[in-house]
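Construct the complete structure from the given sequences, taking the supplied hints into account.
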Amino acid sequence: MEMPAPDQSVIDRKARIVARLAEVLPKDAVIHEEHETRAYECDALTAYRCPPLAVVLPATTQEVAHIMRICNHEGVPVVPRGSGTSLAGGALPTADCVILGVARMTQVLETDLENRTIRVQAGRTNLSVTGAVEAQGFFYAPDPSSQLACAIAGNIAMNSGGAHCLKYGVTTNNLMGVTVVMANGEVVNLGGAHLDSGGLDLLGLICGSEGQLGIVTEATLRILAKPEGARPVLIGFDDNETAGHCVSDIIKAGVLPVAIEFMDRLCIETSENFAQAGYPMCEALLIVEVEGSDSEIDAQLALIMDIARRHNPVELRESRSEAESTKIWLGRKAAFGAIGQISDYMCLDGTIPVSSLPLVLRRIGEMSQDYGLRVGNVFHAGDGNMHPLILYDANKPGDLERCEAFGADILRLCVEVGGCLTGEHGVGIEKRDLMGVQYGPQDLERQMQIKDVFDPAWLLNAAKVFPLAASDARRMAQGRMQQGAGQ
Amino acid sequence: MTDMSAIAPGSEDELAEVVRSATGPLWIKGGGTRGVVSPGTPVTTRGLSGITLYEPGALTLVAAAGTPMAEIETALAAEGQRLPFEPMDHRRLMGTAGDPTLGGVMAGNISGPRRIQSGAARDFALGVRFVDGTGQVIKNGGRVMKNVTGYDLVKLMCGAHGTLGVLTEVALKVLPIPETTQTLLLHGLTPRAAVQAMAAAMGTPYEVSGAAFYDGTVMLRLEGFEASVRYRLKRLQAALARFGADSTLCAGVDQWQAVRDVTAFAGAAGDVWRVSCRPSEGPELAERAGARAVIFDWAGGLLWLLCDAGDDLRARLGPYDGHATRLRFDGGAVPRFQPQAPAIDRLSAGLRQRFDPRGILNAGLMGGHG
Ligand SMILES: Cc1cc2nc3c(=O)[nH]c(=O)nc-3n(C[C@H](O)[C@H](O)[C@H](O)COP(=O)(O)OP(=O)(O)OC[C@H]3O[C@@H](n4cnc5c(N)ncnc54)[C@H](O)[C@@H]3O)c2cc1C
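Heads up: the sequence lines are chains R and D, in that order.
Residue numbering for the first sequence follows my numbering, starting at 608 and increasing by one per position.
Residue numbering for the second sequence follows my numbering, starting at 8 and increasing by one per position.
Be aware that a few hints might be false.
Straight line, CA to CA, 25 Å or less: simulated DSS-like cross-link-like pairs of lysine-lysine [said to hold, decoys possible]:
hint : chain 1 : residue 1 : chain 2 : residue 2
1    : R       : K774      : D       : K241
2    : D       : K241      : R       : K833
3    : R       : K833      : R       : K774
4    : R       : K934      : R       : K833
5    : R       : K774      : R       : K940
6    : R       : K859      : R       : K774
It is worth saying that the hints were derived from the structure and are not from the lab.
What follows is the structure in structure tokens.
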């Protein structure tokens, strides 16, 4: 993966930049020793690493504003960071950058149960937002599997989803307002505890902009009353195609499950060996979960099982208790970890129209043969968001490259059938150079012009999202400006 | 009347050419049902019409921007589906004719009572194609449920009122029509008690899909499978017993159409304002407004206010968490759109400058620089 050459003039000014940052932050909030910055050299896309110039850990919006004014003045690139769980390299540093980490910004600023909103500092972890309102019977709906660790800031930057977003939507559908510090240090409030924007939907634009338009420091989130209960049914099939049809029929029937998850044979076997959830050994497995009171759940599950029966399932297991539900989810939740136990893997994130599931799974199988690399499929089937896991050996020369080429082919296929490169993980560096597959040059140009408006000097996370070749001119213009300033 | 003289491109390419070769401002018109006026040559999207893809099993529909809403709703209903965001039909309130179009609904981010539960128009937009102010065709998003590939111009275009580009095609997420609808009515409440009752209802797990208050009566809507609705109604009634209101049930949907379309203000003299606010602040804002009549939707978070003609409601309300749109009026200097904070204004102007450097698209709208 190519990254732009760092700006030597910035690296040369490290001492001065660090000194200026230290003037506006507590002593322990500026990290610049090499053995310490190393902890920030990568996110969850661990194949790529680069220690940053320095790391700052502000505690307030004001401190972030100070930092941004200094970095803007010094022409220092800034890479925002939440908890570093991005799978797309979104938080990958460059050698000339300051990592701005919001991990110390974890406070709840306002809980407003009457209006069903909560305002938090953006470094608060996803799960602890729910934690703050759970006792009162509320929850924050978007639930990425990384929710114990990942921050709301990262969720907003990536517009993260989760297993339950089939019913509740992804981050952007649950985000009501943000406080953003612009690249020049200006503090801007968008939205609030009210619905919809009176002007252009800049809130909708910030969400999913991968830390390229501003630093999100605070967020107002919609919270919901917890459902009375939830229970899944597990359905096994002896081929993928039938499972795909079953998903489609369930969706058409008017039940709105909170989740429809899919696993293929490799994932079933691997997670079964690892977690012993008692899964049937079959080609495809669906977990369909519904919510409501006990009797409402019974009625919905009965309807779903009726539909499933029409497709001759090899297994149909309705959960009747909390313990059974946990067991059904156990294998699904362990799937990534289980695959990680047997091999290095790369996790893709393309989305496809649900109707193309059988075709895409078949083609992935064929490509797997061609590339000689195994693939496991475990994903959110209700919304077509696939997570093919390509297994490779990091110690085997050439394997990573082969895996990446295979991944790129899968993503091209997703676009070809009417889907997209990424459903919830974001573009980052990982899919940056494939953007041209989904978008024409004019589409990308318009997107980059948005960054021109928000961040004219292209200081924020500038080597991500857009193909380097397409954004080169803009970043180089910035480099020239800096050299001018440095002389 | 102006519609007859409007330019009516028959394809996206023709529209792009119209925009590219324009020498002055263009006023982009869908159905023209909202009574919005902008200076310049009218360009209508009526020639860009038709559903291009509908997959009920994938809950997706794609249609050209000029497609009449009625055509979309009919196609969906035939498969037992609908647009969950319940877009308002402005004709009665505004006293207009014409057919509302998909492009108009999305460009205005028009959402009805169900907005509080399922989301706004923008939340159901999966992808867009549009012609920007330079005459280039731009696409963003797609037709799949989850998509974070690049910046979300889909959201940006929803609610941009055609100032950043002319929508030519929109992909939508749709949902099944539930088996049953029931409305619980609570009678004889004050606005304050009503908003508290609505907050209490929204704070239950019973999935209230509409919460409105007008003329002393709170309306709470439940939708779903019959047995489930019956169960939730009972529970909801119990949860709201402490408000001591007489309650009745109503199975129809007409009253929700009336809330959605603000028909209570149709034909009444005066300006109509739409205020989005923190629900609990609704009653206080309504008092400050000194309006002739108020409808509370979105559990109090959306106020429809019938005010004296020419009244500057924003000055009366002072600062609050939200914004006000002057929807229906006869002239007067008070702007339609809420003026924005300077920093937001600068960003918005910057975006308009990039998308429409000549400032020709609906130049009179959104504090436009035309
Ligand atoms: C095991 C595992 C499971 C996962 N499961 C899911 C899943 O189910 N669904 C899903 O959507 N994702 C999932 N992810 C991906 C990841 O957790 C999400 O993308 C998450 O939102 C990242 O949050 P973070 O706080 O770790 O952000 P980081 O990784 O630190 O950063 C992510 C992006 O956000 C930007 N950013 C961070 N802070 C700010 C800020 N304050 N202002 C502006 N930009 C900022 C960064 O620059 C970067 O581009 C998973 C990851 C792992 C490792």
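For each hint, the structure was consulted:
1. Between R:K774 and D:K241 the alpha-carbon distance is near 24 Å, which keeps this suggested pair within the 25 Å criterion.
2. The hinted pair formed by D:K241 and R:K833 meets the criterion: a straight-line CA distance of about 18 Å does not exceed 25 Å.
3. Straight-line distance between C-alpha atoms of R:K833 and R:K774 comes to about 13 Å, which keeps the hinted pair within the 25 Å bound.
4. A C-alpha spacing of about 21 Å is found between R:K934 and R:K833, which places the hinted pair at or below 25 Å, so the restraint holds.
5. Between R:K774 and R:K940 the alpha-carbon distance is near 19 Å, which keeps this suggested pair within the 25 Å criterion.
6. The straight-line distance between the Cα atoms of R:K859 and R:K774 is roughly 14 Å, inside the 25 Å bound, and the hint therefore holds.
Checked against the numbered hints given earlier, this structure breaks none of them.
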